[in-house]
Amino acid sequence: MALDRKILGIVGIVIVAAIPLLPLPPFWITLLNNIGLASLVAIGLVLLTGVGGLTSFGQAAFCGFGAYTTAVLTTAYGFSPWLTLPLSLLVGGAVALPLGLITVRLSGHFLPLGTIAWGLALYYLFGQIELIGRYDGISGIPPLELGGYRFLSSGSIFYIIWGFVIATAIGTRNLLDSRVGRAIRALRGGSQAAEAFGVDIVRAKLTVFIFAGVLAALSGWLYAHMQRSVNPTPFGLNMGIEYLLMAVVGGAGHVWGAIFGASLVLILKDLLQRLLPSLIGSTANYEMIVFGILLVAILQFTRDGLWSLVLRLVPKSPRRKLAETDRRLEKREMPAAGTPLVRLDHARKTFGGLVAVNDVSFEVKAGEIVGLIGPNGAGKSTTFNLITAISPLSGGGIAYGGRKLETLSPGQVARQGIARTFQHAKILPDMTVLENVALGAHLRGSSGVARCFLRLDRAEEAVLLAEAERQLERVGLAAYRDRPAGDLALGQIRILEIARALSLDPALLLLDEPAAGLRHGEKQELSDLLKRLRAEGVGVLLVEHDMSFVMGLVDHLVVLDFGTLIAEGKPADVRQHPAVLAAYLGGVS
Amino acid sequence: MDSTILAFLVQDGLTNGAIYALLGLALVLVFAVTRVIFIPQGEFVAYGALTLALLDTGRMPGTALLLLCFGLAAFLLDLWSMRHRPRIGEFSRSVLVNLVLPVAIYGATWILAPMQLNAAVKALLTMAIVAPMGLYVYRIAYRPLADASVLVLLITSVGVHLAMMGLGLVFFGAEGLRARPLSGGSFMLGFLPIPAQALWIYGCTIAAMVGLYVFFEKTLLGKALRATAVNRLGARLVGVRTQLTGGTAFILAATIGAVSGVLIAPITTIYYDTGFLIGLKGFVAAIIGGLASFPVTALAALGVGLVEAFASFFASNFKEIIVFTLIIPVLIWRSLTTDHHEED
Chain P
1 MALDRKILGI VGIVIVAAIP LLPLPPFWIT LLNNIGLASL VAIGLVLLTG VGGLTSFGQA
61 AFCGFGAYTT AVLTTAYGFS PWLTLPLSLL VGGAVALPLG LITVRLSGHF LPLGTIAWGL
121 ALYYLFGQIE LIGRYDGISG IPPLELGGYR FLSSGSIFYI IWGFVIATAI GTRNLLDSRV
181 GRAIRALRGG SQAAEAFGVD IVRAKLTVFI FAGVLAALSG WLYAHMQRSV NPTPFGLNMG
241 IEYLLMAVVG GAGHVWGAIF GASLVLILKD LLQRLLPSLI GSTANYEMIV FGILLVAILQ
301 FTRDGLWSLV LRLVPKSPRR KLAETDRRLE KREMPAAGTP LVRLDHARKT FGGLVAVNDV
361 SFEVKAGEIV GLIGPNGAGK STTFNLITAI SPLSGGGIAY GGRKLETLSP GQVARQGIAR
421 TFQHAKILPD MTVLENVALG AHLRGSSGVA RCFLRLDRAE EAVLLAEAER QLERVGLAAY
481 RDRPAGDLAL GQIRILEIAR ALSLDPALLL LDEPAAGLRH GEKQELSDLL KRLRAEGVGV
541 LLVEHDMSFV MGLVDHLVVL DFGTLIAEGK PADVRQHPAV LAAYLGGVS
Chain Y
1001 MDSTILAFLV QDGLTNGAIY ALLGLALVLV FAVTRVIFIP QGEFVAYGAL TLALLDTGRM
1061 PGTALLLLCF GLAAFLLDLW SMRHRPRIGE FSRSVLVNLV LPVAIYGATW ILAPMQLNAA
1121 VKALLTMAIV APMGLYVYRI AYRPLADASV LVLLITSVGV HLAMMGLGLV FFGAEGLRAR
1181 PLSGGSFMLG FLPIPAQALW IYGCTIAAMV GLYVFFEKTL LGKALRATAV NRLGARLVGV
1241 RTQLTGGTAF ILAATIGAVS GVLIAPITTI YYDTGFLIGL KGFVAAIIGG LASFPVTALA
1301 ALGVGLVEAF ASFFASNFKE IIVFTLIIPV LIWRSLTTDH HEED
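So the sequences go chain by chain: P and Y.
Under this note's numbering, the residue at position 453 of the first sequence is numbered 453, and the numbers go up by one with no gaps.
Under this note's numbering, the residue at position 125 of the second sequence is numbered 1125, and the numbers go up by one with no gaps.
No wet-lab data here; the hints were simulated from the structure.
Certain hints may be false.
[As the list claims (entries may be wrong)] According to the in silico footprint, chain Y covers these stretches of chain P (three or more CB under 8 Å from chain Y): (1) 94-108; (2) 117-124.
[Unchecked claim] To spell it out: a stretch of chain Y is covered by chain P in this simulated footprint if at least three of its residues, at any positions, have a beta carbon under 8 Å from a beta carbon of chain P; those stretches are: (3) 1073-1086; (4) 1107-1121; (5) 1162-1168.
[What the hints assert, rightly or not] Computed beta-carbon distance windows for the label pairs: (6) P:L354 - Y:K1218: 55 to 61 Å; (7) Y:G1107 - P:A284: 46 to 52 Å; (8) Y:V1150 - P:L354: 37 to 43 Å; (9) Y:V1152 - P:G163: 33 to 39 Å.
Positions of the beta carbon are idealized from the N, C-alpha and C atoms, including for glycine.
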């Protein structure tokens, strides 16, 4: 089947290459060129908004930086256009870096508002700078040239534009299907889980932001050499909104959807600009009415965009074939059984006046399963969040192999070999089961954006996916490997979280109610799995309400009630402890 | 710079700031009740200003016809959503609100517009034309998305803004218009002449603040709006009709927009797209107020007006750049001080 897709791709490229040779009216070619330019920006937005969840209305400004860089350098300083290509991209990236550093820190709805603000400010700035000709802009930009051939006609520059579009689309798909891509895709669904497996959230956001900015700058560079003149108008907020419309129409999340969305919007725009004036009786940008209504309608009726409707017509891709590899990921050297792993020393957490965790002290040793039990609201999950540095401690300390965990970030905690599951499962429903598990192995790979974009990461990727598959087999979910994780039942999702945690190759495993929603047989299998892990030297801290499951499994029990440790010891002893009985069954006195 | 210029700049800044305060209040109101970041707020300003300017010349404003179109669209949507379960009560209410009301307003405008009545009647007529649009916009664009995320609602707002700005272009054309002041003349405050229009602006802003305070604190509907703001589901469980509160918030916002338009039309030339920039300045203030606090928003709006006035004196070309760059540190500060919850 992979071969079929390759053939499909080659046929597609041949068709695209043949278009300028066909006897088409020239404005069609011009329209296609504009679609290509917009597609580049829209692909960046798909990554930024659709995949990463960062809505930007300001992408047009980056086109401006790309276009003005080459315009100034070629007209005023006589640079060759090809020399300005890397410089334009560099300027786009260099502007995106500080803007991104500011923007990605904005939370929720403040982020898109921020992009509106700088989108507007930059547009006015373009119109005020003497060097770039204020609102008049720069004209007389030289055309692209290759071996003496000047790309003057729209039919010739078509090849350059669409060459870049196709290369970008393929590279971006590569990027999404990789270690970096998984981190980016995790930004939207629940960054807390990604963070707990070592994904640097700010860095991942910044990566997509700069990536989208560089693509927009590329589009601007091409635009400058196609149009041969630039002025601020196409780099304003309205264009930024139009680019976002393309991404939303196409379906935020699909790379080909970006090209589809750009085509739809620009063809519609062209039609409207020819039809509406004759209906209304004067010429102006009336298409914005239709665009506005279209945007609202898409959000009301098909929020996944129109490309997802197209995808429904295409048969589902068959079971994915994983690349063969005989390499394996290196395993961590496990501490000898019985050595202390994590030690809580008067750990304390307060939320305002509420003491959620009240000076709790206990430890977990290697090759030991410790049960952490207590009624609802006892502070068990909060304790997990303290150990994994998701919530900062209010007092006391947590030591792990001589390091203070409370000074680390969640990612650094993961790096120490601490993996966890969540009480409210945090999986990425749109990613496959395999990809979800592979996210757990994030720290065990090292490929960066460039390697992933250029497909140089395949050897490492094969090893990561093989590891993920091995963990899936281990927990018994191998049959669901290529299904979207959102399709699984609740109990299976909990098991999936365990497989993801195991992919980290943890020395300490924190499980938050892993048996909830499991059937009896499944609980038995989970229990066997945890016993095997214990035998391998993994330390396990287990929060669980199913007492028969806990009692038969754990070596040591810690009981919390209202944030306070009320008992600890061997399961049989704790069971008889009067304070425990009082907490669970109500006081008798 | 001497003290006369300083005084002029301060007065100018406060006048514009008061308008921004009105808009900021409307934005906070809408966000609090419906979680909609209401980017099209500025369009109501433009509609209000241009409607008044056309009434001034005795012509029929295009907004009256637009109101009919909006009402009809809302009515058709109501019909569509009632298609499985037609109810006579709902149907007749829909006819009344979406068809009879706009037709009545259109008729009134058709009679009153050529009569060239006094300024107050024109102002009230303008508000009567623009205010119901808030309800229809809510019905058409936002109500079907009531449970969507803030982000989806924000993108929706951008769509509504585009459509409304384009409709403004269709119904008013690209020419700018200016209205006659509500009452002409000015009086001297020391050496500084204060135009009567400025007093109207200050008065309306203060009245709006007091009115909103009384509405939210003393009336049942106001309390219902606050309840919806705190917890949609909870409000519904105790019998608050959240669609009603949403519609009310949008009517209030459109009314405030129309009032701002009426107030600003005599002091600056308004084009079909001017409203957006004015509205965004209200946004700067609303964001400083955390999209939550009315008094902080109002104070911040005065600050925005002052910054803008001084910027236009010292670096007039960079006025917009300065005002919109101002928002970025505020956004950062807000992001750091607002708890952001995991989106699940």
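Outcome of the hint check:
1. Given as covered by chain Y, the region 94-108 of chain P passes the check, having 5 residues with a CB less than 8 Å from a CB of that chain where 3 are the minimum.
2. With 5 residues having a beta carbon nearer than 8 Å to a beta carbon of chain Y, the region 117-124 of chain P meets the requirement of three or more and the stated coverage holds.
3. Given a C-beta distance limit of less than 8 Å, the hint that chain P covers the region 1073-1086 of chain Y is violated, as 0 residues qualify and 3 are needed.
4. With 0 residues having a Cβ less than 8 Å from any Cβ of chain P, the region 1107-1121 of chain Y misses the three-residue criterion, and the hint is violated.
5. Evaluation of the coverage hint for the region 1162-1168 of chain Y: fulfilled, as 6 residues show C-beta separations to chain P shorter than 8 Å, against a requirement of three.
6. Between L354 (chain P) and K1218 (chain Y) the C-beta distance comes to about 34 Å, which lies outside the given range of 55 to 61 Å.
7. A hinted range of 46 to 52 Å for the beta carbons of G1107 (chain Y) and A284 (chain P) is inconsistent with their spacing of about 30 Å.
8. One distance hint, 37 to 43 Å for the beta-carbon pair V1150 (chain Y) and L354 (chain P), is violated here, with the actual separation near 28 Å.
9. At roughly 35 Å, the beta-carbon separation of V1152 (chain Y) and G163 (chain P) lies within the given 33 to 39 Å, and the hint holds.
In summary, the structure is inconsistent with hints 3, 4, 6, 7, 8 from the numbered list given earlier, while agreeing with the others.
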